[in-house]
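Enquirer: Residue strings, one per chain:
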Amino acid sequence: EAQVTQNPRYLITVTGKKLTVTCSQNMNHEYMSWYRQDPGLGLRQIYYSMNVEVTDKGDVPEGYKVSRKEKRNFPLILESPSPNQTSLYFCASSFRGAIGTGELFFGEGSRLTVL
Amino acid sequence: GNSVTQMEGPVTLSEEAFLTINCTYTATGYPSLFWYVQYPGEGLQLLLKATKADDKGSNKGFEATYRKETTSFHLEKGSVQVSDSAVYFCALAYFNKFYFGSGTKLNVKP
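In the order they appear, the protein sequences are chains A and W. Each residue of the first sequence is one higher than the one before, counting from 1 in our numbering. Each residue of the second sequence is one higher than the one before, counting from 1 in our numbering.
What the hints contain is simulated information worked out from the structure, not anything from laboratory work. A quick note: this is a predicted structure, and the numbers were derived from the prediction, not measured. Idealized CB from N, CA, C, for every residue including glycine. Since no wrong hints were added, every one of them can be taken at face value.
Here are the simulated lysine to any residue pairs, SDA-like style, with alpha carbons at most 20 Å apart:
hint, chain 1, residue 1, chain 2, residue 2
1, A, K65, W, N96
2, W, K97, A, P61
3, W, K105, A, E108
4, W, K52, A, T101
5, W, K97, A, D56
6, W, K97, A, R96
7, A, K17, A, R111
8, W, K97, A, V60
9, W, K52, A, A98
Facing chain A, a subset of chain W residues (Cβ under 7 Å, in silico):
hint, residue
10, S32
11, G43
12, L44
13, L46
14, K49
15, F98
16, F100
17, G101
18, S102
19, G103
Bound conformation, chain A alone (with noise of 0.2 Å):
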């Protein structure tokens, strides 16, 4: 089955902890990215990344760092979180030639609770 898959689902974590969330899609797409969705601000776009080995800013990327070593993996680092990182994350994916029919696959998203 095709799927991106997002773990953890749910964290509680506490201010300055390092975290990785991770996402993993099995279809062997070329474009990767990370959003964070918040109430009355939909979902806005933090990294992404055209292929292995190449990320690039979204709009709002402070921090957060990624890496893209294998095709299907694109983990979002959190090197040292605060509370208004607290948000619900997606992961979503596209075959690179599809990125502008908008056909980007999802995650069932990760929401992350700092204290």
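Starting from the known structure of chain A, fit chain W onto it as the hints suggest.
Expert: Relative to the frame of chain A, chain W by itself:
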């Protein structure tokens, strides 16, 4: 810069009512436009798309037309069902980046 503005919700309708959710955009070039739908507890799914001016996207009875002159992409459905209850997001894509509106929650009552 690029941005998307959509009408505030929630929108509450009776079954078989007509639906319109307004969406306008600002873009520096010629973006592609989309509507995504999010059901409770799930990720977003593409509902329909339009990649150039005057294109009409349609799917599952929903329609939206890319209007360059008014920079709009309003979502419409002639007769909503209870199963259409969800959050709807207008979005644009431009040079590998995606911009989403704030979402409009639709509640359809039997």
